[in-house]
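Student: Sequence:
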Amino acid sequence: MNSKGKKIGYTSLAMITLISGMGATPSALASQTDRDVQTEQVEKVQPAPDKTADTLATKPEDAVEKPSEATSTESPVTPVADSVAVDSTSPDSSKPDQPKETVISETNTTTPTADITNAVTDKTVPAAKSAANDFGLKAAERVAAPMQQTTKAKTPKVDIEGLLNVTATPGSNQITLEWGGLSTSGISITSYTIQYQPTGAPWFTGPSVGALQTSETITSLTNGVQYNFQVQVNFSDGSSQMSSIVSATPAAVPSTPPLWAYSGDGEVNLAWSAPNDGGSPIIGYSVRYKSTDSSMWIPYPTDGTATSTTIDGLQNGQMYNFQVAAINASGIGSYGSATATPISVPDTPVLTPIPGDGQVKLTWTVPDDGGAPITGYTLRYKPTDSDDTAWVTYPTDGTATTATIDGLTNGQSYDFEIAAINYLGAGAYGSTQAIPAALPAAPELTPTRGDGQVELTWTVPDDDGSPITGYALRYKPTDSDDTAWVTYPTDGTATAVTIDGLTNGQSYDFEVAAINAIGTGAYGSNTAIPATVPAAPVLTPTPGDTQVDISWTMPDDNGSPIVGFILQYKLTTEDNWITVPTVDTDLTATITGLTNGLDYDFRVAAINEIGTGNYGEATTTPNKAADNTEDNTGGDNTGNNTTPPTDVTPTVPGNTTPATPQPGESQLPSTGGSTTPTPDKTGNDSQSGKTPSTPVPGHLPGTGTGGTPAKVGNNTRTSNATTPTQTANQKLLPKSGRAFGANQLLIIIGSTLLGLIGAFGLLYRKRR
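Residues -30 to -1, 1 to 738, numbered by mature numbering (1 follows the signal peptide of the UniProt record, and there is no 0), are exactly what the sequence shown covers, in order.
A portion of the hints provided could be inaccurate.
[Stated by the list, open to error] Okay, the calculated beta carbon distance ranges per label pair: (1) Val195 to Gly274: 24 to 34 Å; (2) Gly462 to Asp355: 24 to 34 Å; (3) Gly471 to Asp355: 33 to 43 Å; (4) Ser206 to Gly170: 33 to 43 Å; (5) Ser190 to Glu148: 11 to 21 Å; (6) Gly274 to Ser206: 15 to 25 Å; (7) Glu425 to Tyr399: 47 to 57 Å; (8) Leu182 to Ile253: 49 to 59 Å.
Calculated directly from the structure, the hints in this document are not laboratory data. Beta carbons: idealized from backbone N, C-alpha and C, even for Gly.
Use the sequences and the hints to build the structure in full.
Tutor: Below is the structure:
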């Protein structure tokens, strides 16, 4: 207004361009105005005839409010002052989503004014007409949706230095802002104003936070969408500049990755799939593990975004828990879990073969399973003399530890191998060799009985493909049952043994069987009765005239029936025994042709299958009875018969070969030795040699039936005398009870000499 009281307005006001973010000061804007404004006086201000105030807000509709006095074309517009006040606080014009510009121009002499206030900046500028607007107000080409532009009183600017330092931390559907670092030069802060926008969308004014608050979380955001943020400090008399824009993208933590664990030897291989990243790229994984009996998790390093790893150094057979979680900018997601037990392949089984007839039975031990249960076995075999191409796989029955492979060749060596299998695979093979074979055949057993013992010998049977390693021998009394078998030790592969301590006469059963790798074969058997030679008989000699009757007892056969006897005699003065045949098992015999008055030794031994037993012995002297009558015919002139009877010469009947001495009997002289012949008496006391007659057991020589004495020449001799029984090694005593003395001996010798002389004379006469 001039001195005349009239309002003076700007006749020409150049376009004032407010560019967000330029930070133009009021003085700079004033300088720009001074260069372009042409001033003129007007009598009064005329409003634009056809324009209304609501054209001031063209985009958006609420960007500019008309002043109350501009509600009609009739209302005058208050002239603007001589200066233009522009708040220098402005958003960065480089941000594409901020208002590009606010243009106010004037083409007439009337200059309406308007205060424009938004969350970005406060500006008070004159409204000017333009071709598009009679009031000269051109709205911003784009104004953020939440920004409110209203006419208000000018907000004073607080002159502070620097900007807030703002950081943004994304979260799931939210972003947390933190700020600080602004020097207020002692001016009290009343609040903070936050603005944000999704990239490419309008700005939003967030909540106003208190002066003491230095952080705020903006929620209900969309994960995966980038947001821009800026913060302004508010004071009691103004506001600071907006902070620099910071950007962040809200995102959730990744979802749970699925995890797989694969056991190994002292290790576990882990593999997982990349989960949903929650709106923020996964930048790594967190892996950890622990034993199931522990509460302490052990972290394990991973390689960036790799989705597998191997944890080693673990204990086989120990169960472990494993976990993995994905990591993104929002943090660590939830853990996926798996459990596994490190394992190795099983140890080697111990394989034992049992050969059979055309087959081999195999058994094996259950080895250490390496930490995982054994699920089966792999079995194979081949002939020993073949190469590895000949292996034949034989099926097994699950986890059974035995199998029988048949169809093999007896005597052929085979290799066998077995390996245990678990989750990790097959372990090392255990191996062995075997030769299929049958049991040996039965040996042929031959017993040889003895005194209280039996000697056994047997043949070596066919081994049927497996060498004989020994024999099984047993025995029992024949009349006992099978519970009485007694095992008798044998010496390896020897084929003879003697079992003693047996009872003579008791029948025993004996059995022997060969043994090879297959087992014990069939038994060969036989029966035997241990026995020895018979005991010695007891002899009873009965002397007679030129003869002796011998009788004896039946001795103990010692386990073997007596089959006969051997009878021998000799002159006591001689060494050689004369054997007299006996009849079967008769217990008597008569030895004739003996010389009366001479001592004779007699002995008898029993014979059984074992041999000849011990001899029973006796000594006696044949003698003429004292009361015998004699015929003197053929006698000497004295009436005495000086010539021995014809049959008094001892005979050697039958085979005179001495019996072979048997075990247990004394050595005997040969029966073929010399005998002492006694001249026979023939005719008239003449003597000649005569072939000895064979004695008849139980009869005297020269007698007829009934024992009648036989006549020899004119001399008939009978003997009714009874000779006392004499035991072995006893002399026959005369009736007087005295032993023969020297006189008797001289008589015997004389008689013998006379007989010899007579025989010599007879021989002489015949030759003449």
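Student: Each hint should be assessed against the structure and marked as holding or not.
Tutor: Here is what the structure says about each hint:
Take Val195 and Gly274: their Cβ atoms lie about 26 Å apart, and the range 24 to 34 Å holds. Checking the proposed 24 to 34 Å range against Gly462 and Asp355 shows it holds: the Cβ atoms sit about 29 Å from each other. One distance hint, 33 to 43 Å for the beta-carbon pair Gly471 and Asp355, is violated here, with the actual separation near 50 Å. The given range of 33 to 43 Å is respected by Ser206 and Gly170, whose C-beta atoms sit roughly 36 Å from each other.
Distance hint check: the CB atoms of Ser190 and Glu148 are about 19 Å apart, consistent with the given range 11 to 21 Å. A hinted range of 15 to 25 Å for the beta carbons of Gly274 and Ser206 is inconsistent with their spacing of about 53 Å. Checking the proposed 47 to 57 Å range against Glu425 and Tyr399 shows it holds: the Cβ atoms sit about 51 Å from each other. For the pair Leu182 and Ile253, the beta carbons lie near 35 Å from each other, so the given range of 49 to 59 Å is not met.
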